[in-house]
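For the protein sequence lines, the chains are G and U, in the order given.
In terms of the working numbering, the first sequence opens at residue 1 and continues consecutively.
In terms of the working numbering, the second sequence opens at residue 1001 and continues consecutively.
Each hint should be verified, as a subset may be incorrect.
[Claimed, not checked] Derived DMTMM-like pairs (lysine to aspartate or glutamate); straight-line CA-CA distance at most 20 Å:
| no. | chain 1 | residue 1 | chain 2 | residue 2 |
| --- | --- | --- | --- | --- |
| 1 | U | Lys1306 | G | Glu105 |
| 2 | G | Lys66 | U | Asp1290 |
| 3 | G | Lys306 | U | Asp1108 |
| 4 | G | Lys306 | U | Glu1105 |
| 5 | U | Lys1085 | G | Asp355 |
| 6 | G | Lys85 | U | Asp1108 |
| 7 | G | Lys201 | G | Glu436 |
| 8 | G | Lys85 | U | Asp1086 |
[What the hints assert, rightly or not] Beta-carbon label-pair distances, calculated as ranges:
| no. | chain 1 | residue 1 | chain 2 | residue 2 | range |
| --- | --- | --- | --- | --- | --- |
| 9 | U | Gln1115 | G | Gln115 | 27 to 37 Å |
| 10 | U | Ser1919 | G | Ser256 | 40 to 50 Å |
| 11 | G | Asn392 | U | Asp1255 | 20 to 30 Å |
| 12 | G | Gln340 | U | Gln1115 | 49 to 59 Å |
| 13 | G | Gly206 | U | Asp1707 | 54 to 64 Å |
| 14 | U | Gly1819 | G | Tyr257 | 49 to 59 Å |
| 15 | G | Tyr257 | U | Gln1976 | 19 to 29 Å |
| 16 | G | Asp253 | U | Thr1456 | 23 to 33 Å |
| 17 | U | Thr1971 | G | Asp253 | 45 to 55 Å |
| 18 | G | Leu205 | U | Val1396 | 46 to 56 Å |
| 19 | U | Ile1507 | G | Asp253 | 47 to 57 Å |
| 20 | U | Gly1725 | G | Asp253 | 53 to 63 Å |
| 21 | G | Ser256 | U | Gly1725 | 46 to 56 Å |
| 22 | G | Tyr257 | U | Gln1111 | 22 to 32 Å |
Derived from the structure by calculation, the hints contain no laboratory data.
Here the structure is a predicted model, which means the values were calculated and not measured.
Here a beta-carbon is modelled for each residue, glycine too, at the ideal position from N, C-alpha and C.
There are 2 protein chains.
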Amino acid sequence: MEYFGRVLIFIALVLPYASVSEATCGFETCPKTRLNMINVHLVPHSHDDVGWLKTVDQYYYGSQNKIQHAGVQYILDTVVQELLKDSSRRFIQVETFFFAKWYSEQSDTVQQAVQKLVAEGRLEFTGGAWSMNDEATVHYQSVIDQFNLGLKYLKDNFGDCARPTIGWQIDPFGHSREMASIFAQMGYHGEFFARMDYLDKRKRLGDLGMEMIWKSSEALKNSEIFTGMLYNHYSAPPGFCFDINCQDAPIIDGDSYDNNVAERVDGFIEYIKNMSKSFRTPHIMVPMGDDFQYEDAEVNFKNMDKLIQYVNARQSEGSQINVFYSTPSCYLYELYKLEQTWPNKTQDFFPYSSDSHSYWTGYFTSRPTQKRFERDGNHFLQVVKQLGVLANLTTVQQSENLENLSQAMGIMQHHDAVTGTEKQAVAQDYDRLLSEAIVGAESNARDALRILTNLTSGAFESCLELNISTCTFTQKSANNVVVTVVNPLGHTSTQYVRVPVPKENYIVTDEKAREVPSELVAVPWQILSLEHRPNDTQHELVFQATVEKISNFYIRILPVPKHFSDNSVYDSVDTQNSIGHANDEESSELVVENSLIKLVFDTTTGVLKTVEMNGITENIQQSFGIYKGFRGNNGEAQNRSSGAYIFRPDGNIEILSDKVELSVYDGTKVKEVHQHFNEFVSQVVRIYDGINRVEFEWLVGPIPIDDEVGREIVTRFTTNIASNGKFYTDSNGREMLERDRNKRENFDADMTESVSGNYYPVTAQISLQDDKKRITLLNDRAQGGASLRDGELELMLHRRLLNDDAFGVGEALNEEQYGTGLIARGKISLILDAASEIPNHAERSTQLELHLPFWKFFSKSNNVASVKRNLLPDFDVFPRSVGLLSFEKYDQNQILIRVENFNSIGNVVSFNIYPLFESLDGKEIWETTLDGNLLLSEMKRFKFNQDSSGSNPADSDYFYAPHRPLEANSTMEASQFAVTLVPMQIRTFIIKQ
Amino acid sequence: MEYFGRVLIFIALVLPYASVSEATCGFETCPKTRLNMINVHLVPHSHDDVGWLKTVDQYYYGSQNKIQHAGVQYILDTVVQELLKDSSRRFIQVETFFFAKWYSEQSDTVQQAVQKLVAEGRLEFTGGAWSMNDEATVHYQSVIDQFNLGLKYLKDNFGDCARPTIGWQIDPFGHSREMASIFAQMGYHGEFFARMDYLDKRKRLGDLGMEMIWKSSEALKNSEIFTGMLYNHYSAPPGFCFDINCQDAPIIDGDSYDNNVAERVDGFIEYIKNMSKSFRTPHIMVPMGDDFQYEDAEVNFKNMDKLIQYVNARQSEGSQINVFYSTPSCYLYELYKLEQTWPNKTQDFFPYSSDSHSYWTGYFTSRPTQKRFERDGNHFLQVVKQLGVLANLTTVQQSENLENLSQAMGIMQHHDAVTGTEKQAVAQDYDRLLSEAIVGAESNARDALRILTNLTSGAFESCLELNISTCTFTQKSANNVVVTVVNPLGHTSTQYVRVPVPKENYIVTDEKAREVPSELVAVPWQILSLEHRPNDTQHELVFQATVEKISNFYIRILPVPKHFSDNSVYDSVDTQNSIGHANDEESSELVVENSLIKLVFDTTTGVLKTVEMNGITENIQQSFGIYKGFRGNNGEAQNRSSGAYIFRPDGNIEILSDKVELSVYDGTKVKEVHQHFNEFVSQVVRIYDGINRVEFEWLVGPIPIDDEVGREIVTRFTTNIASNGKFYTDSNGREMLERDRNKRENFDADMTESVSGNYYPVTAQISLQDDKKRITLLNDRAQGGASLRDGELELMLHRRLLNDDAFGVGEALNEEQYGTGLIARGKISLILDAASEIPNHAERSTQLELHLPFWKFFSKSNNVASVKRNLLPDFDVFPRSVGLLSFEKYDQNQILIRVENFNSIGNVVSFNIYPLFESLDGKEIWETTLDGNLLLSEMKRFKFNQDSSGSNPADSDYFYAPHRPLEANSTMEASQFAVTLVPMQIRTFIIKQ
């Protein structure tokens, strides 16, 4: 009976997924190749940016062609038409955003035709995420989400056979190891890309290293993934661009004076012979496409047909070139079958430089407010997803709202969105898209919280401008305001809540009407004097909150106040007049401290000079620096300008470490030092009682350009730690990579640009240490960062430039708002600790807390309305190092849960997911690939061997899933719900209710 | 039996033509219209220049897209695809050259699909000639030929139902009455065009005169034809160009922030309402297309579909705009059904001006050598066609050779070919095309002449450089050379033959070995000193020949010559030393005369001053003049440059009438005065014994530009004839039109450019007269001409300019050869006569003789080889005013004959065609429309009424053929083969053998 039940269950489990069998999803539709020939896999593709010079809809519809000729609707219209004409033709579709929009507009007839094309392997989804995400500035959570989204769309519409198996990251400006790791965890066979440091590429061309096996995780087993670097960008061979956007000659095979068949065939064969010298096998892959090509696919295919025909016709004269339409998966399948070995790779592909003056390290920071807004979007998305599950939101409108936000976040991951490398108008459209999606999702949150709390008609407004201490909801009065705090983390968390309020005498209470200690803190005058900021709220009410999942806090004005108690209101105290905790009158030091941390400022200069925490004391000078942006005409390499992509400082940094004005805000729970560096740089340095980090809340802008010089602003932390050239940066918010100043893994880099060439993407963390001490900076958005001298860390905060860098965007990165340079604000947290592994558990958990802090919803109520805790499952079953990465509706009656061991080293952790399963009324649970769309038990990956591993292929042809997948149902014993996680492992489950 | 036979014959006659019945070829496939609405006929079309900025093949294949984005193969590929998707879609195909090339490359499947589209009226041929010919610089013979060619192709491939019925002359730069007349004679219902003097158009927009009834011939009855001027060039409404080459917004109807349906529909309706104010009926025609559009037809149709959908959707809200796909024929059918009246028009639409400084009168002369070469091409084409019939050439190669030349000539008629308004590289490609076609056709001529003469292995070489007195064949020696003279005219003709020869003592004999008087004439030194001219032949052997159709002449060197007889060699005699026929030594006059003509030159100035002929004496000063070409930046009208299209002189003309060097060549049969005007202008003034005209053979070039000034060279004839502002120019070589200086038929012209604005195309003749005398100039190629003062005529001969005129060609008209300015040579014939009708018979027959003079073939032979006269039919049955316009193979066993009464006034002439029919072994003969492809009895044309004729439509709905068509067979009596021709009438017959 048990056995029988298991079988039944297995069937039930498999049912939601189309069966993935070799027979229907294998490589039998791949083109035939020929022995003893160079087999040329032509891969027709179109690289369709999800926004760049035009907005996503302008690209889709083909409007604003004066900016760029591009219309994706026509690409798909005509490609499908052309594919239908000839079964040998192939095309790969990459960006699911565009595909989904297009597919929804098609008639049944066209949809059926597309189904057939997909089923027959003629239209192959490659990549397949919502967009082709950037790899430097994205957070792994959002990458996983957007693959989840894209692959789910494909699965829902085309079944498992349509599932992409190849990563196609052809345009991102450098490549992260985490991305490769995500591909491996999704079961992809390999990935291809087209950008690599030009010296790295040169070397690889010479030593047959263009294709390699990348060990994409230090922590995870079986994370090796085949990685191929394309030969000629992602473009057709020079002269063979058969596209309306190109001017290469067509194949002229008619009775014409211009007949060029012989000449074109000669040229192509020459190219192929040259190209094949840089590759190891008798197969080479030639992408046939480029940005927004195939708008008139007839032109492309007609000429490619002729090219294939006439090149292959040469075989009868002894030519050994065999050309045919193919796809990346068919190409990789051929390589796999050769059972040969490949060079290996362990680090990542940052930074990317395309010539000796063009390090693509500017975009790590470009558009800092957009980069932050993208994080806000993710933050809210996670909150709304969780609330949707908890409240079981099921209406069409609710699904649509959530879908919209998911999609907007998918778009934001695009390598010209979160990167900040789009035109200004496009940036504004991204803002619009994300704002509108957030507004839509707010109604989901409200719907959910009305179910999950007793505030059944609560407003549950979100305030998106809390970073400048304004909130429409509390602007006029914060009396009788309920703050509903949602904690998206898997664990109960203690954080400080700050609510902008007018100056009154407040009391904060919890659900049980117990007073929660609170204090009023003055908002810095630099914020108060921001143009267009309503000036009602000059203070913030700060209180500490400990929240498991959802808690309400009540703010009321006490009727008594004749004059405020000085103890409860903390306005600024100028250090010139009265230094809160100054070390005696003769001292030039300002000390700010609590039980965990002691900060010492030099009152002569005004800058931080010493930090003491975790039992470690270190001289840490912190200040800001200004790089002037190089201005050139971009004609030759040495004339490259600093721009949206490129960071190229002109001369040395100018450090602002003199005459910094200080004010101190000395509260009970929070202590702040407000620093005014100059007219466009200021900062709050802040420590909270019980919080073991120092927060630096910087305010930069408008960056002056009156002297026609663009500027790039960094913050720099200088210590005496003997870091010996080494430092550490995160890869998309997960594993850390060791960086070595002026050095790369595989090649001798061109360090002509010694500053820019040492910049790396910092998505979450940058650290350095010696054998005693280490400092870590945790940031709140992607930034470029470096350690240009031992003991020193810097993060670039903001950029304002006056020249384009001539990589296509065609505009200088000169963000303006209200007629002046854009002002950006953000936070960096510093942790000083004893040397140890990087990151340690404290750093990782702080990272997560900073990444997904409490979300605050605001309502008005005279009554105390409690949270319905009975509706909330118990997440606290997770061990301390296990995080809740995803908790969301996957489908009707299906909930997706991702859990991760967020430590990168240490032990395997185990827990039992049964309590959660049970509290969610689970009927079945199954484990999937990372993206959530393929049964993990069905995942199979090509196994490739590294040169060093010897030439014997391993015993198995495939990598299988690295552990026995969890598949269980409610009739099974709780012990069968055990989940173990090795360090850095993420496991994805779907619970059917 | 007779009756029965007639019926049988009728069937037999009709058989080669698909039946033209209302049921299958009518207007039942036209879109439904709606009452009480503005019916908007959207007409999708692509204007595909048969060469302009790119060569014909570059346009066809879409190569050289950096010059212009255009690929006709893709236009047709994608248009057909799009038409197949929706039966309401329509497209008109205009240029048959491109269509035929494309169709020949298609698979059976595609061809069948196209057949269906054509049969269903979804793909409609409009215009339909090989190219969209120019109307100013073309000769009617070549226009008819290229319609013959295009329409025959369509008939052969698609049957009579595909026959175009609408002229579509949307781009030519002005419109000739003769073109309209040709359309009428081909049975076209009407024609449309898009260019008209801007003030004429402005007036017509205001007074509802955009559509009119054009009386296209003074001489011919029923020559009225509906003529429509398009509203907005031939382009889609501004903002509604849905083409990959445009940047207008698509219709965005999705769920998008950019959704623009309401706005776009508003804009379109607004446009339609405005447009309809300028038209008389509830129908308006809106062309949807432009140059080389529809390369990605999916874009166009997808958006037009949406436009139609959303505009018509407004009808439910009360909109009275009804939009649909349509064609010009369906549009005109709707107008025809309205039975209303229209304004009339009798003159032509020259010159065309697009603003006050842009008279498009430069192209009347641009590229004079190309314009002449085109005439050579026609000349040879007629010769080869005739020889092909006479020798019954039937091999595939021979058909192909002839077809190639016909096609090349079809291409040459294009409005950017013979006009000289193409880029230099394209001009060279036209030269190549025509040269190669002539070379191919030479082998036909050789094949034919080997049959038609006893020179069965004769070389029969043509010499294409006789105009500069060189011929490879006679260069080294002219001994034992047979000159086979072919006379393409319908009548025996007496002309002088000139053969370049080395200086020897020659004798010329005829077939009967009778000596033909001959003399040697020196070639002018300006010719001898031409660079790259082989200098062996410094003389020409001149003899008079009278030829019916073909005659051989034999040239031998007499063995005797010790020293040449001075009587037979005429070298130049400098007038300074010895004036041949000077009026006494004290006189400053040089008189050159023969029995018909007396010329008097002023030896002080060196220019002609008096002419005496036909009993009339008149002071005729003839000289050359130089206009400086205006150089501007083309930014505003007044900055327009003189260029390939535009003639805009800068300041006054400079007349070369001083110090002209003279030499006299005083032969027995020919007398020549060689005039040297300056370093780039010289001339031979020549009279032949027995020839009643004065020949001026001019040599112009290289036009100097060292001073950065472009120049335009004219020849000017100044008389005392009191012409009172009036002069006469031909219309495409047929009827003459009266011109009135500074005046137009319908409107007050802008005469800011008083010279250029008085220029008219002179294809063959320009004349003026008073009540006593008249002078006529007959030219040898199209030129611009004017009478800027009473009694004065000028023709522009050559142009060299340094600026583009910014109408697209993008190059200055600065023709160079051998590294210097192009040299051009040509002839103008002058006739001085008593005042009478213009042209008189003598002028017309001279015109024809100059148009199709003898063609000379050269062979070597020691023997006298005669022509096989028994193989030649007797053409001399034609009355004197009847010309043989065409004599060619139409199809297997079918010969096409066009005869014309070339007089414009006078009586009806009659003749019996039976002898010709009989000598051609005719079995049947039937009469067709002018183009030769439709039984004349099947021709039906819409009848439209003019405003002046009252509003009652005539009794018949159709114009029928203006006479009872000839249909006969060999069993019928000879009297039934009578052919009558009213003045200017052309009748076209096909004789089945």
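Hint-by-hint comparison with the structure:
1. Restraint check for Lys1306 (chain U) and Glu105 (chain G): satisfied, since their Cα atoms lie roughly 13 Å apart, inside the 20 Å limit.
2. Proposed proximity of Lys66 (chain G) and Asp1290 (chain U) is supported: the alpha carbons are some 18 Å apart, at most 20 Å.
3. Between the alpha carbons of Lys306 (chain G) and Asp1108 (chain U) the distance comes to roughly 18 Å, so the proposed pair stays at or under 20 Å and holds.
4. Restraint check for Lys306 (chain G) and Glu1105 (chain U): satisfied, since their Cα atoms lie roughly 13 Å apart, inside the 20 Å limit.
5. Of the pairs offered as hints, the one joining Lys1085 (chain U) and Asp355 (chain G) is violated, with about 50 Å between alpha carbons and a cut-off of 20 Å exceeded.
6. For the proposed pair Lys85 (chain G) and Asp1108 (chain U), the alpha carbon gap of about 14 Å is at most 20 Å, so the pair holds.
7. Using a Cα cut-off of 20 Å, the hinted pair Lys201 (chain G) and Glu436 (chain G) is violated, with the two alpha carbons roughly 42 Å apart.
8. Proximity of Lys85 (chain G) to Asp1086 (chain U) is assessed by CA-CA distance (about 18 Å); at most 20 Å being required, the pair is judged to hold.
9. In this structure the hint that Gln1115 (chain U) and Gln115 (chain G) lie 27 to 37 Å apart at CB holds, the actual value being about 32 Å.
10. Separation of Ser1919 (chain U) from Ser256 (chain G) is about 41 Å and conforms to the stated range, judged on CB atoms against 40 to 50 Å.
11. For the hinted restraint 20 to 30 Å between Asn392 (chain G) and Asp1255 (chain U), the CB-CB distance of approximately 27 Å keeps it satisfied.
12. Take Gln340 (chain G) and Gln1115 (chain U): their Cβ atoms lie about 55 Å apart, and the range 49 to 59 Å holds.
13. Between Gly206 (chain G) and Asp1707 (chain U), the C-beta spacing of about 59 Å keeps the proposed range 54 to 64 Å intact.
14. The supplied range of 49 to 59 Å is broken by Gly1819 (chain U) and Tyr257 (chain G), whose beta-carbon atoms lie about 25 Å from each other.
15. At about 50 Å, the CB distance of Tyr257 (chain G) to Gln1976 (chain U) disagrees with the hint of 19 to 29 Å.
16. As the Cβ distance of Asp253 (chain G) to Thr1456 (chain U) is approximately 40 Å, the hint placing it in 23 to 33 Å is violated.
17. Remark: the range hint 45 to 55 Å for Thr1971 (chain U) to Asp253 (chain G) is upheld by a beta-carbon distance near 52 Å.
18. Distance hint check: the CB atoms of Leu205 (chain G) and Val1396 (chain U) are about 54 Å apart, consistent with the given range 46 to 56 Å.
19. A hinted range of 47 to 57 Å for the beta carbons of Ile1507 (chain U) and Asp253 (chain G) is consistent with their spacing of about 55 Å.
20. At about 59 Å, the CB distance of Gly1725 (chain U) to Asp253 (chain G) agrees with the hint of 53 to 63 Å.
21. The supplied range of 46 to 56 Å is met by Ser256 (chain G) and Gly1725 (chain U), whose beta-carbon atoms lie about 51 Å from each other.
22. Remark: the range hint 22 to 32 Å for Tyr257 (chain G) to Gln1111 (chain U) is upheld by a beta-carbon distance near 25 Å.
In terms of the numbered hints stated before, the structure departs from hints 5, 7, 14, 15, 16, listed from lowest to highest.
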